[in-house]
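> Each protein sequence line maps, in turn, to chains A and B. Residues in the first sequence are numbered from 1 upward in steps of one, following UniProt numbering. Residues in the second sequence are numbered from 1 upward in steps of one, following UniProt numbering.
Don't take each hint at face value.
[Stated by the list, open to error] Cut-off 20 Å, straight-line C-alpha distance, at most; resulting in silico cross-link-like pairs (EDC-like, lysine to aspartate or glutamate):
#	chain 1	residue 1	chain 2	residue 2
1	A	LYS124	B	GLU164
2	B	LYS199	B	GLU164
3	A	LYS95	B	GLU164
4	A	LYS164	A	GLU103
5	A	LYS164	A	GLU191
6	A	LYS100	A	ASP110
7	A	LYS124	A	ASP110
8	A	LYS124	B	GLU256
9	A	LYS164	A	ASP188
FYI, nobody ran anything at the bench for these hints, they're computed from the structure.
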Amino acid sequence: MSAPPRELRVDGLSHAFGRDEVLAGIGFRLPAGEVAALVGPSGCGKTTLLHLAAGLLTVQQGRVSNTFATTAFMFQQPRLLPWQSALDNIALGLKAAGMKCDERHYRAHDIALRLGLAHRDLDKFPHQLSGGMQSRVALARALVLAPDLLLLDEPFSALDVGLKEELYRLLLDHQADREMGVLMITHDLMEAVRLSDAILVMAPEPGRIVCRFELSVPAARRDDAWVYRHTAELLQTAAVRESFGLPPAMPGAGERGAEAPAPARPVSALRLVVPAEPVPAARGGSRCGG
Amino acid sequence: MRLLRAWAAGLPAYLWSGWGAIASLLLFFAAWEAVSLVYGPLVMPDPRSAFGTLLGLVESGAAWPELAATARRALTGYALSVAAGSLLGLLAGLSMTASMMSRPLVTVLMGTPPIAWLVLAMLWFGASDGTPVFTVFVAAFPVIFIGALQGTRTLDNQLRGMAEAFRLPPRMMFTDVYLPHVVSYLFPAWIAALGTSWKVVVMAELLATQDGVGAALAVSRSHLDTAATMAWIAAVVGLLLAVEYLVLEPIKREVERWREHGA
Numbered sequence: 001m002s003a004p005p006r007e008l009r010v011d012g013l014s015h016a017f018g019r020d021e022v023l024a025g026i027g028f029r030l031p032a033g034e035v036a037a038l039v040g041p042s043g044c045g046k047t048t049l050l051h052l053a054a055g056l057l058t059v060q061q062g063r064v065s066n067t068f069a070t071t072a073f074m075f076q077q078p079r080l081l082p083w084q085s086a087l088d089n090i091a092l093g094l095k096a097a098g099m100k101c102d103e104r105h106y107r108a109h110d111i112a113l114r115l116g117l118a119h120r121d122l123d124k125f126p127h128q129l130s131g132g133m134q135s136r137v138a139l140a141r142a143l144v145l146a147p148d149l150l151l152l153d154e155p156f157s158a159l160d161v162g163l164k165e166e167l168y169r170l171l172l173d174h175q176a177d178r179e180m181g182v183l184m185i186t187h188d189l190m191e192a193v194r195l196s197d198a199i200l201v202m203a204p205e206p207g208r209i210v211c212r213f214e215l216s217v218p219a220a221r222r223d224d225a226w227v228y229r230h231t232a233e234l235l236q237t238a239a240v241r242e243s244f245g246l247p248p249a250m251p252g253a254g255e256r257g258a259e260a261p262a263p264a265r266p267v268s269a270l271r272l273v274v275p276a277e278p279v280p281a282a283r284g285g286s287r288c289g290g
Numbered sequence: 001m002r003l004l005r006a007w008a009a010g011l012p013a014y015l016w017s018g019w020g021a022i023a024s025l026l027l028f029f030a031a032w033e034a035v036s037l038v039y040g041p042l043v044m045p046d047p048r049s050a051f052g053t054l055l056g057l058v059e060s061g062a063a064w065p066e067l068a069a070t071a072r073r074a075l076t077g078y079a080l081s082v083a084a085g086s087l088l089g090l091l092a093g094l095s096m097t098a099s100m101m102s103r104p105l106v107t108v109l110m111g112t113p114p115i116a117w118l119v120l121a122m123l124w125f126g127a128s129d130g131t132p133v134f135t136v137f138v139a140a141f142p143v144i145f146i147g148a149l150q151g152t153r154t155l156d157n158q159l160r161g162m163a164e165a166f167r168l169p170p171r172m173m174f175t176d177v178y179l180p181h182v183v184s185y186l187f188p189a190w191i192a193a194l195g196t197s198w199k200v201v202v203m204a205e206l207l208a209t210q211d212g213v214g215a216a217l218a219v220s221r222s223h224l225d226t227a228a229t230m231a232w233i234a235a236v237v238g239l240l241l242a243v244e245y246l247v248l249e250p251i252k253r254e255v256e257r258w259r260e261h262g263a
């Protein structure tokens, strides 16, 4: 087949709401089978970037090209239709694609059971389900489309640790089976280290990607100790501290990273690949009103 | 069809749940009887004679034409206000400007007492059916209009974003996202408006027409016939309660099953 490689490619993307420049010079590439996490403080334009990638916002400047066959989106809140049963909510995307009722219910049912929902939950309305169950329904609604690309907007941020862990596992299983590309937003570094192959660190005002880390150990083989160690390590890097507005790291540990992003320490599976680029100049005059 | 089946299936359980309501109604009748014992039958006839009179009216066939005339006027005005209020409210809700402009106008409409409209209507329509129908229309219209307006204004942006992300075609956008939401606002407004219509029509008839329950009330008042007055009141209220609790309320329950019920 001569089809182009399945990937999400973003080049030179800038976006402004009115005079507020939200994103400036964003560029990255997400190939099939990779999980990439966008981390950064609240308000740095992560959600805007994700919405641009999903086509929910119109691109103003730059280019977004998505050659994945199907894309699914999971929001920060479950955003279920309150007047439809869990099963109908899960099947919503299939219905939109014009699938017959029996077929879409069958598929929705199938995936719901795999995501740990019970038969009796499926007839319930969203308000009758707990928050965790609602998140499962929302995840099922995205995964039932069998997407090649899944966009996640901090979907697990409101859940307890046990539930998070379980949904991570379900997501990773599904991802590995289908070579699915996943782009997720999170402000939880631990979540990023737990799930992703690549971490894109964003800094605010205007939102831009300051560096990219790659994690060499497959997500399925990471254990808690690994995650803790690498989260701590990530948190020591100058780019991350600066992005989240933390004071520079303790003497010795972080200083080195601040100037020259040195090659990764030999024991680490965390590799800084793109050094912090010089900040793209904010467009002239865009802030004079402030 | 599905709605009809659900309505029929839910009816027995629903009626059974009405025992509490019946008990409180019986307490009310007891209080009524107590008042009539204290003040005598001229001021307040006891419930039995009131219902006896009503039964007599029904058996003699005198009640039906009056009730039919009243129902015809109430329902005509109501139907007009449902059509106009729903449509205009939805349209006004779609535009920010229109909804801001219409709100004070509707407040004026709602603030004007129905009796004032009635006086105007009598000048415009005379003793024809137009007078009660117009008064009902004007009284019920703002209630429905506001319901429709709020239904459209409160459409959830989050759900709209979700629907876009899942590529819902426009038809599904309407049937699965917009319509259920708007109906959840419209339906209670329709019910409230029906109650208003039923009350206003009797008032309009009392002053403006020669037939109907309102006119019959005027006659019984002039005869100082309190038993007949109470009988007509009971008939009107009974009909309204029957329509509301046997037809509308069960439908509402079915339509709004997804809503959160207070614990």
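> If a hint holds in the structure, say so; if it does not, say that too.
Cross-check of the supplied hints:
| no. | hint | result |
| --- | --- | --- |
| 1 | A:LYS124 / B:GLU164 | 24 Å, violated |
| 2 | B:LYS199 / B:GLU164 | 45 Å, violated |
| 3 | A:LYS95 / B:GLU164 | 13 Å, holds |
| 4 | A:LYS164 / A:GLU103 | 30 Å, violated |
| 5 | A:LYS164 / A:GLU191 | 9 Å, holds |
| 6 | A:LYS100 / A:ASP110 | 16 Å, holds |
| 7 | A:LYS124 / A:ASP110 | 16 Å, holds |
| 8 | A:LYS124 / B:GLU256 | 13 Å, holds |
| 9 | A:LYS164 / A:ASP188 | 12 Å, holds |
In the structure shown, a violation is registered for the earlier hints numbered 1, 2, 4, in ascending order.
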